[in-house]
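> So the sequences go chain by chain: R and Z. So for the first sequence, our numbering puts the first residue at 1; every next one is plus one. So for the second sequence, our numbering puts the first residue at 1; every next one is plus one.
It cannot be assumed that every hint is accurate.
Using 30 Å as the maximum straight-line C-alpha spacing, the simulated BS3-like pairs for lysine-lysine come out as follows [unchecked claim]:
no.	chain 1	residue 1	chain 2	residue 2
1	R	LYS459	Z	LYS222
2	Z	LYS621	Z	LYS610
3	R	LYS492	Z	LYS28
4	R	LYS527	R	LYS459
5	R	LYS492	Z	LYS610
6	Z	LYS222	R	LYS527
Residues from chain Z that keep clear of chain R, each with C-beta distances beyond 10 Å, as calculated [claimed, not checked]:
no.	residue
7	ARG34
8	ALA59
9	GLY137
10	GLY177
11	PRO193
12	LYS222
13	VAL239
14	PRO309
15	LYS363
16	VAL412
17	MET460
18	GLU494
19	PHE510
20	ILE511
21	HIS547
Over 10 Å on every C-beta distance to chain Z, these chain R residues come out as not near it, computed from the model [unchecked claim]:
no.	residue
22	LEU2
23	LEU16
24	GLY23
25	GLN84
26	VAL183
27	LEU231
28	LEU267
29	GLY327
30	THR411
31	GLU413
32	LEU436
33	ASP481
34	THR497
35	GLU534
It should be emphasised that the hints constitute simulated quantities derived from the structure, not laboratory data. Cβ coordinates follow ideal geometry from the N, Cα and C atoms, glycine included.
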Amino acid sequence: MLLLSIILLPLLAAVLLALLGGGRPLARWVALLTTTGTLLISLGIAANLSSIREHKSTAGNERVINSPIQPKLEWRRTWMTLGQLNVVSIQPKEAVVNEADQVGLEMGDLIQQRIPIRLEFYLGADGISVLMLTLTAILTVSAVLISWESIQDRATEFYICLLVLEAGMLGAFVAFDLILFYVFFEFTLIPLFFLVGIWGGSQRQFAAYRFFIYTLAGSVITLVGLVALVLKVMQEGLTATPFSIPDIASALTEHPLSDQWQIGLLLALSAGFVIKVPLFPFHTWLPLAHTEAPTAGSVLLAGILLKLGCYGFLRICLPILPTAVAGFGVPVFATMAVIGIVYGALGALAQSDIKKLVAYSSVSHLGFCMLGMFALNSEGITGAVMQMVNHGLSTGALFLLVGMVYDRYHTRELSELGGLATRLPLLSVCMVFICLASAGLPGLNGFVGELLSLIGMFKANPIYSAIGATGVVLGAWYLLDMLRRGFFGPLKEPASTHGPILDINMRELLSVVPLMALCLWIGVYPKPVLDIIEDDVRGVVNLYRTTTPAQEAHVGHNDR
Amino acid sequence: MSELTPALLWLIPGAPLIASVFIACFGKALLRGRSHVPCVAALAVSTACAGFMMLTFLAMPSSLKQDTSLLNREQIQDLPVEAEQQEPKPLATTPGYDWSVTENLRVRLDLQVDSMTALMLCTITLVSLLVSIYASGYMHGDPGYPRFFAAFALFVFSMCMLVLADNYLTMFVFWEGVGLCSYLLIGFWFQKPSAAAAARKAFVVNRIGDFGFILGIFLIWKTFDTVKFSEVFDRIPSVLETNPEVFTTICLLLFLGAMGKSAQFPLHVWLPDAMEGPTPVSALIHAATMVTAGVYMVARSTPLFVMSPVAQMVVTGIGAITALLAALTALTQYDLKRVLAYSTVSQLGFMFMALGAACVSPKLTTFAVTAAMFHLFTHAFFKALLFLGAGSVMHSMGDVIDMRRFSGLRHVMPHTRITFLFGSLALAGCPLLSGFWSKDEILVALFEGTKAGGHETFFMAILVVAVVTAFLTAFYSFRAYNMTFLGEERFPEEAHHPHESSPTMTLPLFILAGFSVVIGLFLGPTGVYARQLAQSTSLPEHGDHPHSVPLMALSAAIFAAGYGLARWMYVKAPGVPAKLESGLKPLHRLSLNKFYLDELFTYLLVIPVKVLALVCTLFDKYLIDGLLNFVGSIPSMIGRIVRPMQNGLVSNYAWVMLLGLVLFLIQMLRAFAG
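Here chain Z stands alone, though its shape is the one from the complex (with noise of 0.2 Å):
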């Protein structure tokens, strides 16, 4: 086994790089149509690895390399004889190379799987592998599919990198590279110049995220001397002495970062625009997997995030506001793409509610944790899901999707519409899918929020807030559902043969159905997901794992409210929403222009930056420019004013010979007397 890991881990991400680098080479020359094969082939050796390394880590947890220096803070102040005798982790680590050296910043490519980084890599290896499988029945006959093959095997090496690296930087450097294959992606369709803005946005407004990354990277360097995670969770006591106050800063900074790749607000304008990019992308990119990365970087920063309450509560209120605002978005959107984007946007805002709640106390942030994370791993599944059967949807109905211009599709595709059911179903919450179990646990952190840590009225105000935007989850979930597949039949003139996608496309969406409505009950309640993490370096092992019967019959409550609005707006009584328009036009307004945060932007960012732009172009063309011309204009000035003294004249060449000797010998008669 432990001769073997090393080349595991390797192959995880190694086997998606070879592939990308294989068919950006060959697949224009050699490949064309078969230019998936590789990519598909290479996701299944990483999927395979990823298994094998999650069933080691489930057989034997403590059989790896020990780690002892990777223990609670929180509990070595309170608890000391406790922390002690923890359990070593499993945690396995292969070296790679030095990749920058200077005196102070060494920087190495090593990879590190603890169970959080396993969870997530069986999580990116089986969702990728799926939906490539999607994406070749999808992409069929683009002249781009070697492109597309090329950089979606990219992406999936940043990604396992990403959650592989075991510094910082490391994690910097590939989740830039993540932004740089949605980048692409984004952008496939580089004609459509509705894309090509849409890529560029995505990168740009991903950069201001990073910038607060980036320094926050800087201040833990300047702070720890460090930049990776062991040794900077490690130092944590002694800095906690001299300089608390750091941990505020380094968070907001690092949380800044979060913002902009898993699309907080204000930073989640580039999401929905995102779709632009081909539907399997929306899928693995824009939901599955990269826009997880933040709550990903958050949970593994846990043992700093824990010490600044400050942080932990912008995090969650920003959760918050993200969440509802999306939801709200969500409601009048006719692009089902859209919808499903503003969705993604608001589970995010719900996964950064429970990461915030760990502040409430050190027993219960491994729960909070836990529930962000298994949030974000169901989430994965039923996302990745609603999007495949959209994009199934749109192949059908030619490119068409926006849900005004089609109804009914129940009978002509009852493959996508029985999965984008268990879908809307597990993302609406409905007791007993995976959604449901993942958002319960979320509430629950909430609420022990609300009885004890000191912040009771914010929790209450953010349990107030989830609770709403689980209610409004359910019903644009089954709005959307409702519009696309009940109702009476109707295609767009586009669509010239409706058809039930081929069974390449369908497979995965089955496939992940099936994890969608099991996974939940299976590693939720069972806590078996809840152990495994625990055993994550990044976290406290020991904790509460609180539950609240009342809250689930709440959410089962709310399910149902949402989903019978939801029927009854749109299948018994179609008349009521125009009519609610009408009566709520204002509002509905705001909804429909996404709360005219993209005209904010605009106007408050985008208009300013211009300005400044040609302030200094004007400035160097008139003030810089005019200042030299003039400097260069001296020489020639002096030259006019001393022009005059050699005009011909040879008495004015006399008269000041005769100032120079009478200048000169005054001079002399100086110097004899002195």
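Just chain R, with the same shape it has in the complex (with noise of 0.2 Å):
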């Protein structure tokens, strides 16, 4: 099966490496070659999935889900069943309390129907999982890539964190399954831990230890509530596979939590993911990582663990908790989302080294994400998802060129370089390009995930909308300013400059172009992208509709 296979490959592979040892050469070759055959399983997956829409859309009658969340594709296997469910329960108090008791004593007593409940392996996969698997596994190529020459030391061990963290994010993808997704949530802690310790920068073990800690922190308040959403809904009976995502959700859809356990239960689980996106106040682990993380380490941390807090309040949050998200979390959350965009604009502003810059640009960026997915509406979690993959791709590439830059002259200072396009010309047109994709320029990526999470937060709270749109004004002016500072001018290279500097070569264009390409390809033809993502989105927003019979119809009116 694709999506098992996905998970294993890479693992499979560290585990080959961490076995049989061997050198650099064999090492390097290897992670491309696992990363490469992982990218292709996610296209591969893509096309099955888009198989399966197109059948389902040839048919013509689709069948009715009334799950906030559906995989298209779907892999589960019960792993234990953990006792019995009373589907006909009267006393549901009881029902759980005495549960353990009640299957060994009364097991011929009660003739009440049973039904195991079960701890599943439940992998699945919709438009928006594939969306982000392909991402990852785009980017882990062009991390491998990046690290090509760059590492040197322990390059064995190096792959091995990077293929077992490259297992882990495709997990939390795949995983539709509550313990499953924290697993993998929490497993990509550990290889990054050591991306970070070992290949990372002066401080790098001060940096290591602070976000590990910080991210576990949260985490662990995740896990508590995870813990009690599962509880409360094996005490309420309501499903026999309570770690089911989508089986929760559309239990819960039917029977909604009381408020307070909404309230509850969403404090609890968004502790984790506001770290991880980050959320402003939440951040300062995130520029710290950034600058003394190796550059394929920033790359994925940037292009891909941040988006799992994202994931994580699309998968879980939004579809599970519906009351307490249009109730509490907006305004907690979209401002937060638009204090961050803000904040983290400014902050990027004061930056003089090009990778903190671009830790606070991704501050800014994930603002948006979180702002459109506060919108609650169609346009704006459209926005959201795009702008999650948007933000893979420009910051991965940024990071990836800001990374060459360092491999050249050992300093990410703006004050100690300057008009770096006379000697790197084209390494230069990339950086511009993606800069430009970043800036949210229309005809690049950017634009696209920007206009639909203010178009949305627009349609729900102008006011949001208004502070987010000066993002994008601080943001050309943060991103010009560095390339202003960096690239154009008079050449000025640090004084330690040894050796020739030469530009941009073949295995770095290789690792980038690609990246610059799907920019260019979702700014000017968004369409697709959005098209997966929308059918996707449509089960969450139906939660939140709170239409009038006149507004349908004005919304049938607008479908024609």
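Two chains, two separate frames, one set of hints: put the complex together.
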């Protein structure tokens, strides 16, 4: 099965490398082949999915889906059974409290129907996960390519970490089971901890500990939330698969939890996610981790790992806790997102280390993502997912390019660099291109996500949208300022530069050009990607639709 | 014809796009010094297509696709019978592709040509073609030759798409697209720090305007549920019933966008700096075409703007302030290109003054918009001519453009001089030349405002400003001309061999000069342009076409006065300017330093934002991280507190055990009792 193999392939390769050892040449080739293979598998899943979509659209009669989340590809196996569920339980309290005893003692007495409560190994994929899988696979290939020369010592271990990290990220995007999602979500921390702590910069250990402890502290609270959620669902006896996200979501759509429960769960669950995104004011670990991480680490951290936070909101909070999200989440998280947009942009403006600048820009860009998500309408959430993809592409590419500059000059300080366009013309062309994409220039990808996020939020709350839009102005400001200082003007190189400084080479081009091509494609013709996203967003949006008949007629009028 | 239309339409922007991609891919390796060939060829194709389009429009005004939905709103209210009888307007559309579709937001990339677009297309393609021919001479030998023509062609593509857009969002996409090309071309000589800074400034200041534009589009979408021009204009009556206040907000937001792109006060600060780019770029982008996009956008949105007199008066007011301020600044500049840049800003102000006058009465709407668009049209030719002339001077003077360092070039550069003279005459509003006719129409539109419409005093003030500005225009144009071409012959030392430019450069000058001289006379008083433009789907067709002979005489007198004063001060009595300068030192300094607007921007916007940015990083470093470190230290603090409990003394442990036992027993007793 493709879904399983996409996780297993990098894991197996990592195990193989660990067992065989082997030097740098072998390790990097194995890594390159594995990541390329993974990319192919992800494309296979995408093709599989699109054939399903086509089939559905030609068949015409879609099966009625009442869950806000419905993976179109599934692979579920029962892992173990955890006791039984009384389906016809009159007193749900007792059912759970005494569950274990009842099972053991009164097996014969009770005639109520009992279904085993299953813990599953539930993988799935819908359009959103496929996009994220493909993005992960592409960025990991780029990460391997960019580390080709720059990682010299302990290369085998490096690539093992990279592959394990890839498996973790991919796993999180195909997991449709709460426990499985959480396991993968946390699992990514470990390889990244080593990537930062071993192959990072001068302050690497401090950065690695800080990042690890901080994100772990948040996710532990998320774990508490998850456990509470599962127990609550079991207590209410709503579903026999209390770990399956789609099943919980559909069960809770029919029998919503009380408001207090929802708010409490939202607070607990979001704790890990807001840190991961990161939303203001939980962002301070990010610039530090980025500056210290090796290029490949930064690319994957910014490109994929931060998206796990957004993905968590989208997959777990939005579909499962609609009342709390609409009533409590919107004011809280949208405000944090808006502040994050402006704050991150201002932070970026003050930086002189390019990597730190890009890190702060991530805070700003993910603010757009969260802003769109908490617009809770089709445009906003579609824009948010689009922004996840776009930020992965453009920021990933930015980190790649910054890494290339660093490889050449061993500095990222804008005060020591200047006029690099004279020395590195082709690299500068790529840099200008990606900066413009990141600044949201129409025709490139960034615009699509920002536009949809902002327009969605404008419908929900124009003030948030207007404040958020200032981030677009500031975005152009700090990115073009970076270009002006680092790449334009008279050539300035650090005094310690020795050896010939060569322009971007074929390997580096290979790592960044595919990302640029995708940026252009999404910018010029975003419809295919948007179609994929919107199809899956619809279920969630339906939860938040507060339509009057008149509005409904209006919507129908537009569909025509 | 009908089968040909889609191909033709796509070819107009398509040819430059193909050329651009081609040059970008193969320019450096293959084309090198011949990189202009694809660009010029593509622009020739575009010009031919645009011309053909225009001719079909002229020939059969109502033969194309009918579009009855685009009648003007005021007439529906005022004259319902007449509106129904209106003839369908010529409109050609070409389907493109779905750019983005979500539940409520559908954006298609379709092309649409009505008469306003067709006129814009003709201007854009023709001027671009001439400038590209000129540039092939001007940029000869530059290491970035291919890059220049790639960006140049990309600009023409974006500009054509901007005017071909049939909805606000597509317009915005290419609105930013032209901004990108402007950024790339201003920063063309990126090694120069001033060029890099100017490019960034242009982009960021434009972004401030775009911020308003995009919010305006959001509001349009929220209000009308569509961003398509025709549908928006259709739904105006129903929105007018439910939510009439929204129009002012929408229009002001849109106008903010126009202020950025069309360099209106206070967002005009980027345009003079944009002169750091190569001169052909200044001619094409920063004088003839791109900066007029704001005017076009407001003209295109006329049905929205006429719903909000407040917004229209803001448009007129900002236009007047800009026109006057820029003209005053132009008086004292020594950089020839900067004089022209401020003059561009000032002339754009004129156009906005006219656009705002559309609120005077529904009958005057078409006339006012026509005046603005006609001025845009004539201005494109004579301002491009003047810039190219300045470039020719620069070329010959070894890139020196400071007018204090050369003079009397009339013998060395006779062709440049004669064409520049015609350009100056047209700009100054010399009777019978093109600038005269278009400026006169603007004055007439403002004059109508002083007679009726309820804002007579306001328009009186505006008219006075306009007349004063017209005088200043005549003066500074001839100040520049006289300082450059008349007087004793002097060259800067950088000019090794002052010479007339090559025919590739002078030929476009002559063609543009020809246009500057005749185009106004042919199209203005004959009413050809006005009739054609009135066919636009954004304009009511029926309206007054007032004339005013006294005003015409007044503008002729103004021209004569300005011309005479400049002649006296800079030719007959060369000591006067210096005396005036010392006599009016504070005023002179104010004008020379551009009213300190750049400094104002620095102190009111740039520095506060930078300080805020610094505050943010400090906030991060001390407050947030401080709190974090505090939270992080809690576990170890707890550890420190409880550590003494495990000090290894058995008696302590025994006491604790006893305590636990007692508590347990109490609990047990309570349980039994309960």
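> Would the least Cβ to Cβ distance between R:VAL183 and chain Z come out above 10 Å?
Holds, since 25 Å exceeds 10 Å.
> If you draw a straight line from the CA of R:LYS527 to the CA of R:LYS459, is it 30 Å or shorter?
21 Å, holds
> Tell me if the straight-line CA distance from R:LYS492 to Z:LYS610 falls inside 30 Å.
24 Å, holds
> When you look at the beta carbon of Z:PRO193, is every beta carbon of chain R farther off than 10 Å?
4 Å, violated
> Hey, Z:LYS222 versus R:LYS527, does the alpha-carbon distance stay inside 30 Å?
Satisfied, since the Cα-Cα distance of roughly 21 Å is no more than 30 Å.
> Check the non-interface label on Z:ILE511: least C-beta distance to chain R beyond 10 Å or not.
33 Å, holds
> Compute the least Cβ-Cβ separation between Z:GLY177 and chain R, then decide whether it is above 10 Å.
6 Å, violated
> If we take the beta carbon of Z:ALA59, is the closest beta carbon in chain R still more than 10 Å away?
35 Å, holds
> With d taken as the least Cβ-Cβ distance between Z:MET460 and chain R, does d exceed 10 Å?
36 Å, holds
> Beyond 10 Å from every Cβ of chain Z: is that where the Cβ of R:THR497 lies?
With a cut-off of 10 Å, R:THR497 remains clear of chain Z, as the shortest Cβ separation is near 19 Å.
> Does the structure keep R:LYS492 and Z:LYS28 at a Cα separation of 30 Å or less?
25 Å, holds
> The output says R:LEU231 does not contact chain Z. Does that hold with a beta carbon cutoff of 10 Å?
At roughly 27 Å from the nearest Cβ of chain Z, R:LEU231 sits farther out than 10 Å, so the non-interface label holds.
Violation of the numbered hints given earlier is confined to hints 10, 11, 12, 32, 33, 35; the remaining hints are satisfied by the structure.
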